[in-house]
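Note that the protein sequences, when read in sequence, are chains A and B. Taking the working numbering, I'd label the letters of the first sequence as residues 1 to 81. Taking the working numbering, I'd label the letters of the second sequence as residues 1 to 282.
It is possible that part of the hints are untrue.
[Claimed, not checked] Derived list of chain A stretches under chain B, where covered just means 3 residues or more per stretch with a C-beta under 8 Å from a C-beta of chain B: (1) 22–30; (2) 41–47.
[To be verified] Using 27 Å as the maximum straight-line C-alpha spacing, the simulated BS3-like pairs for lysine-lysine come out as follows: (3) LYS52(A) x LYS42(B); (4) LYS40(A) x LYS54(B); (5) LYS52(A) x LYS29(A).
The hints are simulated quantities; they were obtained by calculation from the structure and are not laboratory data. Beta carbons are placed, not taken as given, at the ideal position from N, Cα and C, and that holds for glycine.
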Amino acid sequence: MVEAGTLEKGDVRVSIENAESREIIIKSKLERIYGNAIRKTVEEMTEGVKAKVLVEDMGALDWVLRARIESAIRKFRGEGE
Amino acid sequence: MKLRRTRLYVPGNNPHLIENVGLYGADCVILDLEDSVPLDQKFDARILVKYALKNVDFGKSEKWVRINGIDTPFWKEDIEEVLPYVDVVNIPKVEDYGDIEAISSVMSEIEDRNGLDERKIVPIVETLRGLINAREIAKHPRVIAMAWGGEDLTAELGIPKKKALILDHVRAEIVISAKAHGKMALDTVYGNVRDEEGLFEYARRARYMGFDGIGVIHPNQIEIVHRAFRPDDREIEEAKRIVEAAEKAMEEGKGVISLDGRMIDKPVLERAKKILAYAEVD
């Protein structure tokens, strides 16, 4: 499993681990308001990634979420070791 | 004239601190990938900084990134990731012209590949070796300003930084190195964020030492530093008269500028223009 980001205010932690097919789990205190937007970004950026993607949101803006997803995917593919 | 009175350091691994950087009015914002980022967050931080540069509104602030030093395994990847989105690359612990040249050639390669304009460099001199080579370092065409840091330098000498008398010499050397090549000179930070009076005096002293700005570590320091770098009314009045005299001489086709019976040399005119630039902002 790889992780990117933190659980600090304004951040988001994205964890990716091997799976048969893509599975996205989103945990956010603001899920009712931003859940769909978060899911849309995660789906768009993890297209073709066969993995379980856990997103723990601490109120991150979209650019922060995108940065953390890119980090996690690149680590999942072997970068940053 | 681009002012660099304040450059605000912001940790490159903290999105919450980064998101409002454009609101504070610093002349430059430095997203830091070096000292404020732990080793295990270097990878995440450089990607976060890339997205911040692309998405965050920096307002009027120039976009800087402090990369990791040339003595680390991180600096090339830092540059590769952020260069297309940055105005200035801030390089710690630069020791000689060769350091700048090595980094500059990596930058050129990325710029050529991406069709980018030439990005600028501000080196930070932090060692005795860097200091004796500062006059060479400042010559590099990418270098727009010289900065310095005293921690490593005073450690090398085995003296406490707060009591190090030699730092006035270091400051003078940085100013001389920069100014001799027409570059800006930037003083280091004032660490006590609660001491407003001390900060004002520190910034005033930096100005009269010949520096163009200082580093800041808290948004509350920005306005105080800008005030300290503002010329006083007498300086402004004198500068206006000099610039007016120069304009009049030009209109009349005179090669020599004179004011109150004395000749005004080019450096004096340049100083007057700089004073007006510092006075007219904010």
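So, going through the hints one by one against the coordinates:
Check result for the segment 22–30 of chain A against chain B: violated, 0 residues qualifying (beta carbon to beta carbon below 8 Å, three or more required). Only residues whose beta carbon comes within less than 8 Å of a beta carbon in chain B count, and the segment 41–47 of chain A has 0; fewer than three means the coverage is violated. Using a Cα cut-off of 27 Å, the hinted pair LYS52(A) and LYS42(B) holds, with the two alpha carbons roughly 24 Å apart. Of the pairs offered as hints, the one joining LYS40(A) and LYS54(B) holds, with about 20 Å between alpha carbons and a cut-off of 27 Å not exceeded.
Straight-line distance between C-alpha atoms of LYS52(A) and LYS29(A) comes to about 21 Å, which keeps the hinted pair within the 27 Å bound.
The structure fails hints 1, 2 (numbered hints given earlier, in ascending order).
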